[in-house]
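Chains A, B and C are the protein sequences, given in the same order.
Residue 161 in the UniProt record's numbering sits at position 161 of the first sequence; the count goes up by one each step and never skips.
Residue 56 in the UniProt record's numbering sits at position 56 of the second sequence; the count goes up by one each step and never skips.
Residue 10 in the UniProt record's numbering sits at position 10 of the third sequence; the count goes up by one each step and never skips.
Dumping the calculated DSS-like pairs for lysine-lysine here, alpha-carbon to alpha-carbon at most 25 Å:
#1 A:Lys437 / B:Lys174
#2 A:Lys391 / B:Lys174
#3 B:Lys190 / B:Lys9
#4 B:Lys30 / C:Lys127
#5 A:Lys128 / A:Lys506
#6 A:Lys495 / A:Lys506
#7 B:Lys174 / C:Lys189
#8 A:Lys366 / A:Lys313
#9 A:Lys215 / A:Lys70
#10 A:Lys506 / A:Lys352
#11 A:Lys39 / A:Lys215
#12 A:Lys352 / A:Lys366
#13 A:Lys78 / A:Lys39
#14 A:Lys188 / A:Lys78
#15 A:Lys70 / B:Lys9
#16 A:Lys188 / A:Lys39
#17 B:Lys174 / B:Lys9
#18 C:Lys189 / B:Lys30
#19 A:Lys369 / A:Lys352
#20 A:Lys391 / C:Lys189
#21 A:Lys182 / A:Lys196
#22 C:Lys189 / A:Lys437
#23 B:Lys190 / A:Lys70
#24 A:Lys196 / A:Lys495
#25 B:Lys190 / B:Lys174
#26 A:Lys128 / A:Lys182
#27 A:Lys352 / A:Lys313
Read the hints as simulated data drawn from the structure, not as lab findings.
Now for the letters of each chain:
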Amino acid sequence: MHEEERPQVVGVNNLRCKFPGEQALLFQGLSLTIRQGEKVLLLGPSGSGKSTLLQILSGIIPNSVEIPMKCDEIQVPKQAGFVFQDPDTQFCMSYTDEEIAFVLENRNIPREHMPEQISQYLNQVGLKFERNRQLIHSMSQGMKQRLAMASMLAMQPDVLFLDEPTALLDDEGTTQVWDTVKQIMQNKTLIIVEHKINEIVGLVDRIIVLSPDGKIVADDRAEQIFADHREMLRDYGIWYPGVWDEQEQEHGENQKQEQGLHRSSNRLASEDYRVMTDTEPGKTGSLTDLVKMSTPEAEPALELQHFTGWRGKTPFIEIELAQVWHGDWIAVVGANGAGKSSLLLALMNILKTTGYYRVEGQLPGKTEKLADHIAFVFQNPEFQFVAHSVKDEVEFSLLSGTLSAEEQHQQTHAMLEQFNLQNLTDRHPYQLSMGQKRRLSVASALVREQRILLLDEPTFGQDARNTFAMLSQLERLRRQGTAIIMVTHDREIVKRYCTHVWTIDKGRLIDADLVSTP
Amino acid sequence: MGNAVRSNKLRLTDILVTIVIAVVFGVIYKIWGPTYDLMKPFGIHAEQMIYGMWFMAGTFAFVVIRKPGVAILAEVAAATVSAFLGSEWGMSTLVYGLLQGLGAEVFFAAFRYRLTNLMVTCLAAVGAAAASLILDYQYGYIDSLSAWNYTLFIGFRFLGSIIIAGVFAYYLAKALELTGVTRSLRPVSKQDYEALD
Amino acid sequence: MQISFPHRETWLHAVNPGLKLVILTLMFIMVILIHNLNVMANVAVVMLLLLCWSGHPWYRLLLYASPFILVFISTSTGMMMFGKGETTWFRSGLIHITEESFYRGLHLGFRSLSMAAAGLLFGLTTKPVRLFYSLMQQWRLPAKYAYSFLAAMRMIPILLDEFQTLRYAIRIRGTKQRSSRWNLYGTLKRYAIPLLAQSIRRAQRMAIAMEAKGFAEGQSRTYYVQVGYSRADLWFTLYYVILLSTAFALGILYPYHPHLVDVR
Ligand SMILES: Nc1ncnc2c1ncn2[C@@H]1O[C@H](COP(=O)(O)OP(=O)(O)OP(=O)(O)O)[C@@H](O)[C@H]1O
Ligand SMILES: Nc1ncnc2c1ncn2[C@@H]1O[C@H](COP(=O)(O)OP(=O)(O)OP(=O)(O)O)[C@@H](O)[C@H]1O
Ligand SMILES: [Mg+2]
Ligand SMILES: [Mg+2]
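Pulled out of the complex, with its shape left as it was, chain A reads as follows (with noise of 0.2 Å):
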């Protein structure tokens, strides 16, 4: 593989280690070396056992954490620094000098040396505050991940972990990591895992590839794999560089041979008319004219007018003017924290809201109401379970309704089955993987088939193949008269499904406009 002879740094023969309580193994035999300065990158599809190998590799298991595992040999470092996907949990202190200084403590550091350091490990990442001080609360989720990149290094570690370190940032916030990575990574030893691999890809030099049975299925340089595997990483449901394009021309086939009616043609009209919209940057009114047009709806599904949404006195979201068709599919962007949650609680009546606002041509009403209009979708899909089976969390949404337990029971399971979480309706909903918990939040609101759906982040954490089957699934619905309003965060689904984006800055609707085409 490599020609050089660098001394191996961690390392691993014939792991085996399985979940307790658990029947399979996650491992059945694994065995890796990796060298000193290597920049590895793992991928896998989601549940393929990435992190927990992560954990092995740097001695967290079975140091803190007990995952029965067992091994011929193994190597680990002797200080790994580690960084982990969450922002919020990865802090003991409240203020940033303290936390460096917590690391130092445990380093044993003298206490006269410390200020010093820690100002030299915040200048490393890019941090830089009055004294040092800084309260991690109030800071953006891209700097809290940079702040632990400071205090790994401060462990002044041989290896560095990251497990997906960027997962739950916005744009900017993932190119400051990834930039700040590029420039401490000198001469130090690099295991990634990351779904969002575009821009790393030119980091690494060595990709390894999990099968989801927890194999080591490839192993070789990152052009490499890229070039030889792709059929591979394409029926894993990994993500890889142009695997949107190749999935455009797919979803393009089969809506053509579906109904000969597809987004191209939609594409073409926006695309008239965005020089329309030119013109008149930011107004709405021409818009929705067009969108009248191809849609027979005399109501617009919602209208706001000097809306306002309000935590106490302060107002966290304002909109000037807006209108949602039946039909539109609008995506809502802008930076961590700029209020795009806020936009979607107002609207769902949930803040204290001001203004004119519609739904379908009527008064919104209380929440409760609201909800029959409405389906929606948190960012944090923990919170909207209430039931303790999946099967029971989407036939909850069903209740209410007018339906038959027979025909509850048939929706609930052609539900799931479009989710594909039919083998798991006895799980209780807090023992899935992630993106099988927001694949879960998603069913659940969609069952009930409102007209309306707000959907936060629905597919974030999620693998290549189930953020393909999802957004099929939004696009048809779409097309048979939904109105759809998401918050995300990326790019792609931006550019190719949706009809409009709403521009989120500082609590302001800063821009409506149609999507452009690229």
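Let chain A serve as the given structure and place chains B and C with the ligands on it in line with the hints.
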């Protein structure tokens, strides 16, 4: 490497989980406090029926984690949190917390921390209530209430704590177990290691 | 937490937090042993007086102290109306107010007032970080407990946000209408299970992250924050010793009401 030896020592994870559970209850207590105070002046001690809420952190945390010291730690932590949030009972909560935790802990220890069923949990709730009454006897002169009032007070306190800190806490912990989050707090069994060969 | 509100730092903030905790807890034991209403009233004044140096503005102090009135009323009225006693002042149905029970009720009111004042003082003038560093350095609290407390404190604002989101979700999914308002267990469960499950998982992840940052049990460690003793500790101790002795002396030598030497 970590063999399946059952250790009763509190690891960092156990401590952190216990304290976090206590924080959740500490926040609930903070909301609970005014309710309790509002019910109190009526004098018939209806408020004693909900007093058991204050013992719940201890019994609940024990049923979740099942290690020595957890009940005391949880009660003290919940009291500390509500002290920091500015509890209207001030410093007395710390002493109450410590004694109530001890009262519950005694019963879990009596079964050598092996048995965690509804009965043991209820007994622990009774223990916490008894400990709190000892302190109330000193602090609140409950013995100089008129006899009917005094009986009502004690009766309601025990009844309330059995219902809330015993029965509620137990079934709440069971419901939490269904979610699977407690699984990684339990020791790994021998079979699990043997399955690897 | 009120700690995050802007305020002046006063000498009370400089007092060693461990010492403060111990002294204020000792106050609790002392208060239990006072049965003389005259002394108790004086002690309550001494405790309340110290709040003047909390460094927080008046209006905020009054806001925080407002529940004290409720506590005072709730602790005293029960005893006043239903306590035992000989000299009847008023009787109607079950309510029986006697001179003895009235003063005993008043005594209880002052007791909880002084404890509430101590608690508020502690909360307003103590930073959690300094408290736990002090407990590690002067009172030998094992580091794993101290840092767990600090990490858990950090979760409080996150927890409050989550609680709110959960309330929204319950409204949207219409769970609320579907169950009785009096089903206490059902309500408790609906809120507690998701909150607890999330928090437990978060706590586990935090523990892993802490150990990944090199934290280990029983390791020797240095401290970023050095908490020691200072002159403020002397003042603090002296304040209690001197003023409490005065409170006792005055209460005994110049009672407000001569009958009130023992309310038991
Ligand atoms: N605590 C647990 N108990 C039981 N099974 C678990 C537990 N944690 C993870 N698993 C299972 O182990 C498998 C591997 O999980 P792991 O988190 O390593 O996957 P991953 O490859 O990192 O996935 P993702 O890309 O979604 O993060 C999954 O199928 C998951 O359902
Ligand atoms: N419950 C709350 N109380 C007060 N402020 C809040 C609350 N929830 C969110 N905020 C603040 O409101 C602002 C907008 O938050 P919102 O969640 O709408 O952002 P977002 O655009 O959805 O961000 P993200 O991409 O991180 O999901 C942020 O500054 C956030 O800190
Ligand atoms: Mg993972
Ligand atoms: Mg959001």
